[in-house]
Amino acid sequence: MRKTTFSLLFYLLAFTAFAQTDLMKELEQADDSTVQYASATFKGTRIINGHSIETVGKNNMDFIISHRFGAINSGAGNFFGLDESQIRLALEYGLTDRLMVGLGRSSYQKTIDLFIKYRLLRQSGGLRNMPVSVTLFASDAHNASTSTPDLPFYTITQRQTYTFQALIARKFNENLSLQLTPTVMHRNLAEKPLDANNVYALGIGGRYKLTKRTSFNAEYWYTPRTICGTTQRDPQYTNTLSVGFDIETGGHVFQLHLTNSRGMIEKQFLGQTTGKWGNGDIFYGFNVARTFSFDKNKKRSNGNGY
Amino acid sequence: MATDTKLFRLTLLLMASQLLAICANGQIYMTKAGQTSFFSETPLENISAVNRQVAVLLNSANGEIAVRMQHRAFHFPNKLMQEHYNENYMETEKYPAASFTGKLTEHIDYNKDGIYTVTAEGILDLHGVKQKRTLKGELIIDHGQCTLNCEFEVKLSDHNIQVPSLVITKIAESISVKNKFVLTLKKSA
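Respectively, the protein sequence lines represent chains A and B. No gaps in the numbering here: position 105 of the first sequence is 105 in this note's numbering, and each next residue is one more. In short: position in the second sequence from 1, add 306, done, that's this note's numbering.
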C-alpha cells in the first residue's frame with residue numbers, strides 16, 4: 001500500500017516537473033517562427049575609406065571627423081607626415097532604419113559630397129533565410145576648387161562626379177564579416193588626359209573582431225587600368241589598400257588606419273590615389289564618429305514605464 | 307487498519323488532484339506581445355529600452371509561469387546603444403534570450419475579477435547565469451483577461467555582465483526592470 005502511495009506521489013511530482021519545462025519548451029519553439037537579422041556586420045558606416053553596409057539608425061545623426069596626415073616617407077622635417085593633414089567633416093542622418101543621407105566637406109580638392117544610402121536586403125536566419133546584406137549607395141561629389149589653367153572648370157556640371165555602388169556583405173560569424181563592392185563612377189570632367197569619364201571598380205573589404213570592442217579592418221579598391229581595351233585610369237594613379245583598427249568606446253567609434261589614399265571619398269580614392277605602399281607613400285589617418293539621437297520618444301520608457 | 311485507510315484516502319486524493327491538474331492543464335493564459343522595459347539611471351546618462359514581443363505562458367491550474375524574451379527585440383532610442391547592448395553586454399550571439407520560470411505562490415480564483423498581489427518564485431536566466439529570485443507583482447483579472455505587472459531590479463554583477471571602466475559611470479550597477487503582460491486564455495489546441 002505504502003509503495004503504491006509513494007510511487008503515485010513520485011509520479012505526481014514528475015508530472016508537475018514535466019509541465020514546468022513544457023511551458024518553457026513551448027516558448028522556445030516559437031523562436032523559429034521569427035526572423036533573426038544579423039546585426040553589427042561592421043562597427044561603423046565605413047570599413048576604412050569606403051562605405052560599409054551599415055546605416056545610421058532612425059533619427060540618429062553621426063558627426064564624423066576624418067583626418068589623413070601627410071606621407072610617412074616625407075621625412076623628419078615634416079615630422080613623418082604629422083605636420084600636415086587633410087580633413088573631412090560630415091553630418092550623416094538616418095531617415096529610417098534603412099535609409100540615410102549624408103553631407104560632407106573634404107579639404108582635399110575642396111570637395112563637397114552628398115550621398116544617399118539604402119539597406120535593400122538584410123542578412124537573416126530563422127523564418128527567412130537571406131545569406132547576404134545588400135545596401136545601395138549613390139553619391140555626388142562637387143569639386144569646389146578654383147578653376148586653374150591646369151584644371152579649368154567652365155561649368156558647374158563639369159565639377160560633378162557621380163558614384164553608384166552595391167555593397168554586398170556577409171557576417172560569417174561573430175568575428176568575421178566580408179564585403180564586396182562593385183562600383184560605377186561617372187566623372188563629368190576627366191581631370192587627366194588618360195582618365196575616362198566612366199570608371200568601373202571593385203572593392204573588397206572585411207573586419208575581424210579581436211575583442212568585443214576592437215576589430216582589425218582591411219580594404220582594397222581595385223580600379224583596372226584598362227577595361228575592355230579602353231584606358232580608364234591614368235597610370236600615375238594606383239589602387240587603394242588600407243589597413244586599420246576599429247575601437248569603440250560608448251558613443252564613439254574610432255577608426256585608426258594606414259592607407260595610400262589621401263582622399264576619403266569615392267571620387268578620390270577610386271581614381272585618384274597617388275600613394276604607393278612600396279615607396280612608403282602611406283598616410284596615417286583616423287575617422288571618429290560620434291552618434292547623437294534625436295528620437296522624440298526618448299522619454300517613453302521613463303514616463304509611465306512603457 | 308486505520309493507517310491503511312488513511313493511506314488509501316490519501317492515494318485517492320492524490321489521484322483526484324492529478325486528474326484535476328490534467329483537466330485544468332488546458333487553462334493556460336498567454337501572450338506573445340508582453341512588454342518589458344528597463345531603465346538605467348546615472349547622473350551622466352539615462353538608458354532605456356523596451357521590448358514588446360515578450361512571450362508569456364501562465365498555467366492557472368497550478369500557477370506555473372514561463373516568460374521568455376529575445377534581447378534583439380529590445381528597442382533603444384539610440385541605435386548605437388542597442389548595438390552595444392547586444393554586442394558587448396548581453397553577448398546576444400551566445401545568449402539570445404532571457405527567461406524566467408517559476409510559480410505563483412498564491413492561489414488565485416481566475417474566474418473572480420479583482421486585483422491580487424502575487425509572488426513568483428523561480429529562476430531568472432539572464433546572460434547565461436541562473437539566479438533564484440522571488441518577484442513581487444500584481445495580477446489584475448478583468449472579464450477573463452489577466453494583466454500581470456511586475457517590477458524588479460537586476461544587479462549586473464549577479465549575472466556576470468561586465469562594464470568596462472571607461473563607461474562605468476554611465477551605466478547603473480542595478481537596472482530596474484518593469485513588466486506588463488496582458489494575458490488571454492489560450493484556445494485549447
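Worth flagging that the hints you see were computed from the coordinates, not collected in a lab. Treat the hints with care, since some could be wrong.
Short derived list, chain B residues pointing at chain A, Cβ under 7 Å [stated by the list, open to error]:
| id | residue |
| --- | --- |
| 1 | 363 |
| 2 | 370 |
| 3 | 372 |
| 4 | 399 |
| 5 | 471 |
| 6 | 473 |
All C-beta atoms in this analysis are idealised placements derived from N, C-alpha and C, irrespective of residue type, glycine included.
> Checked against the structure, which of the hints given earlier come out wrong?
Replying inline: 5
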